[in-house]
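Engineer: The listed protein sequences correspond, in order, to chains D and A.
Counting from 1, position 168 in the first sequence corresponds to residue 168 in our numbering; the numbering is continuous, with no gaps.
For any residue, its number in our numbering is found by taking its place in the second sequence, counting from 1, and adding 286.
Just so you know, the hints here were simulated from the structure itself, not pulled from any lab data.
Some clues are possibly wrong.
Simulated pairs of lysine to any residue, SDA-like, Cα-Cα distance not exceeding 20 Å [what the hints assert, rightly or not]:
| hint | chain 1 | residue 1 | chain 2 | residue 2 |
| --- | --- | --- | --- | --- |
| 1 | A | LYS492 | D | VAL126 |
| 2 | D | LYS174 | D | LEU280 |
| 3 | D | LYS3 | A | PRO397 |
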Amino acid sequence: MNKILPVLTVIITIFIVWYIAAIWLNSSWAYDKAMREGKQLSSIELIADTWSQDKPKLPAPHQVALEIWETTAEKKITSKRSLIYHTWITLSATLLGFLLGTSFGILLAIGIVYNRVMDLSVMPWVIASQTIPILALAPMIIVVLNAIGISGLLPKAMISMYLSFFPVVVGMVKGLRSPEIMQLDQMWTWNASPSQLFWRLRLPASTPFLFASLKVGVAASLVGAIVGELPTGAVAGLGARLLAGSYYGQTIQIWSALIMAAALAALLVSIVGIVQRLTLKRMGMV
Amino acid sequence: MQWIIFAFAAWVVGWALNIWLSNMTLKGFVRFAIPIIFGLTLLTIWEGVVRGFDVSAVLLPSPSAIAVRFAASGSILWEDFVQTMVKGALSGYIIGCGSAFLTAVIIDRFPFLQRGLLPVGNFVAALPVVGMAPILVMWFGFDWQSKAAVVFVMVFFPVLVNTVQGLQASNAMQLDLMETYAASPQQTLVKLRLPMAMPFVFNGLKIATTLALIGAIVAEFFGSPIRGMGFRISASVGQLALDMVWAEIVVAAIVGSAAYGGVALIERTVTFWHPSQRARS
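Next up, chain A with everything else stripped away, as it sits in the complex (with noise of 0.2 Å):
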């Protein structure tokens, strides 16, 4: 009974902080402070409810018992990661994101193959690719191989028509501005067309983050060696060990929220120049 009382008080307490806090003048520490504490506070209601209504941890563990867990499996929580992480999403991601923006700039010399490639490619990235992951298991084999290629293929096309969009955002007046300086398309392309494209190639790669791990995970469902991320969740789940899941579920928003935070990042420097950058400072 006290664990519910105590998840009440937490609610009624952080409810109200944040509000208090959400009429003072905002500086930058009220600001992240606010998100924070409603967080925090979510996760105190979840304790006190799992404890309070003694929920069984086959259905909910509480966030304590996750903990526990995550300090405790370290040794296996890192080798799921370099498996799926490492080795599957992020060679995926490199190469997949490589060869798309490659392909962008190929293209972009030739309207025609534009005119083509755009439509297919906006029509494939609404598919479900995540659906190719078994007969890429099937062509590449069980282990990371197979999961890069899912990754490859699911971050192909949204890096591909961003950059290809990217690549036709200068407007005549800058193109004119270049062929007044008599400069060769090499150099347009280098000097004012590539930077130009560069924050649509950032949208893309931050939709492409998440679909890495997404597709690294998912593709591990349909066979995998016996460690990876994806395995270990299949696997725990048949054997009701759900505060494994819920770790390696951390380890994934963990990942998955550096990852973008990180290509965010790389945006702020290469494109400190464009309007959305700017307004922040």
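If we strip away everything but chain D, and leave its shape as in the complex, we get (with noise of 0.2 Å):
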């Protein structure tokens, strides 16, 4: 309860900022085009107007805000110019690929914590994997998979794919060998196989590390698929409406996918939350 009201103080000073930003960055075109007009700008007036430009260099949040308003509830959802639209291309691949790279995650953990031989081979490849920025492959994994025929969803899915492995490889490695000396012995002691060591001690036990990782993965999927959407020449999906937005300096759209891009990461962490705490609470862990 004592967080709320900093963290409104911090909401507020930032759409502060951003307003008196938005004053500053635009008011060189307000005074290009009263100066071409001949005209004096009272200081009432340049506020209006840096905060009403169609092409701003950084559009005020009530304009973002009108963007956004009229490309979701104005337009049709299958409108090529419906925010929805392109939202859902965009979540579509995301969740494909989060998908992917949880269930591949997974299974390569469990081989990792399985298998000697592919603990000491793979393990460091895994973690070497991730200091490669792998982002800078994504146009050549579209553009590949284009050529043999793949495309559409799933060449973005690869991309979130493996941004979102990592991190549940490593936590569920992590979690997959957390029960203690003390939980084994008893395991043994019940004369239990190793499938019911693995489905009611080892999967059990995992379970809270695999939920961290999922948080993490899910926002690094969505990364993803956006990037995965540029270098196809701009199609659909947000990270098409930037990249669109760019070519043709319309800022207000790049601010409204953006703030969409956000909202949808913001959302779908969220939903990982709550099915954390849903599970963990009748799993007795929290």
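The task is to assemble the complex, starting from two chains supplied on their own in separate frames and drawing on the hints.
Structural biologist: Below is the structure:
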């Protein structure tokens, strides 16, 4: 409860700074226009102008909000100009990639935990693979997969998958190894088979680690899907809106796509958070 | 055909070798050798499959072709490296991490700000900040300044959040001890709380190294002068010169690993006292 007031203060400050920055960044354009028309701008007129330009350097928050409202609520969902349509394209790639990445990550983690050879040979590469700026690969993956006839959702999902599998592998390896010797001994005294050991001890013990990784993974997955949309030439999706906006100088469109992406990220992370709380509660872990 | 057999043989030999090595007592040398053998085996299989099935160079160039391209275009790669990594990523990284650290130390003084900024910072750290790239390219122009700005925005919040958390890592007993020494707040900060925060700070710095490289490269997709790794990658993909793309990726991989390793090395000297560092030696 004592967090709400400070957080509100910070958010309000951000908005005030945003409005002031909009005046500052857009004023040169406003002055130019006034000069061409041979007018003198009063400070009120200046502020009014900087907050309502068509292609401002920094659109004011209410302009972005209006754009989001127009492109979500007032357009048909199937329309190519609807932001919901683009968000859905990005979301579907994100979810598919997240699903693939999570399952691949869990399988790899099980392999690493149960197979010593894999642990020693694969694990260092899993870690090394993340020091590589993989997003640089995105254009190539898209183009190559296009060339062999795979296009649309899957190439983007591949990039999302690559970004989201790493946190899952690392978290799950830690989680599957988290049962203590005493707990393992207990299972052995019950004459538990290896599969019982896995399903009844190791897997349940790893769930808190899994959920922590999933939160990181889903956010990374969204970044992957957005960047994956850039090289396809701005067809559809939030990334495409960003690129198209930057080609044509439609700053309001860029900002609305950006805010939408932020909202989507927040939504996905909080959904994972809710599932986490419910699951852990049912398992009696919180 | 013989290339496919060659690839298959490489797989069997590499796998057998690793199984044999894994069962030995693990000295430092063997521990290093196993992942390296695994990597070499993968490369050999790649080479064999590309040659054996005659995969077109437009789809997947063989490792040897990439190596030839890498060796042949050293000057272009160097120019791109300087443009993207040194001018864009490094300057943004230093300014971003430095100001995030200073901000954290300042807001540490004000609990109100801390309670407000930490949730917001956590939120922003999870956002797809890369999306800021087109806006920043518009503000700062096509050259490296805009790339540095993207890197700045990307690294700022992870480092800020980690540093703020780190500054809270000292426990009550340690703080009480400083108090019994009649230490001033500055002394407590410099001698106790900053050192205690270092493991957290380095955690943030490590996350930030990868983010910095990604930011600098992706920002170039939105516009750049005719050099730079991101520019070269998207241009070469357009020309279907995939060996060049892979050569750039090799550079990115080397730089990424070296940067990460460098930060890890500094971490080890700075936080030599931390249990996670001591356990290794």
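Engineer: Compare the structure with each hint and give your call.
Structural biologist: Verification of the supplied hints:
About 16 Å separates the Cα atoms of LYS492(A) and VAL126(D), which keeps this hinted pair within 20 Å; it holds. Taking the CA atoms of LYS174(D) and LEU280(D), the gap is near 18 Å; set against the 20 Å cutoff, the hint holds. With a C-alpha separation of about 11 Å, the suggested pairing of LYS3(D) with PRO397(A) holds against the 20 Å cut-off.
The structure agrees with every numbered hint stated previously.
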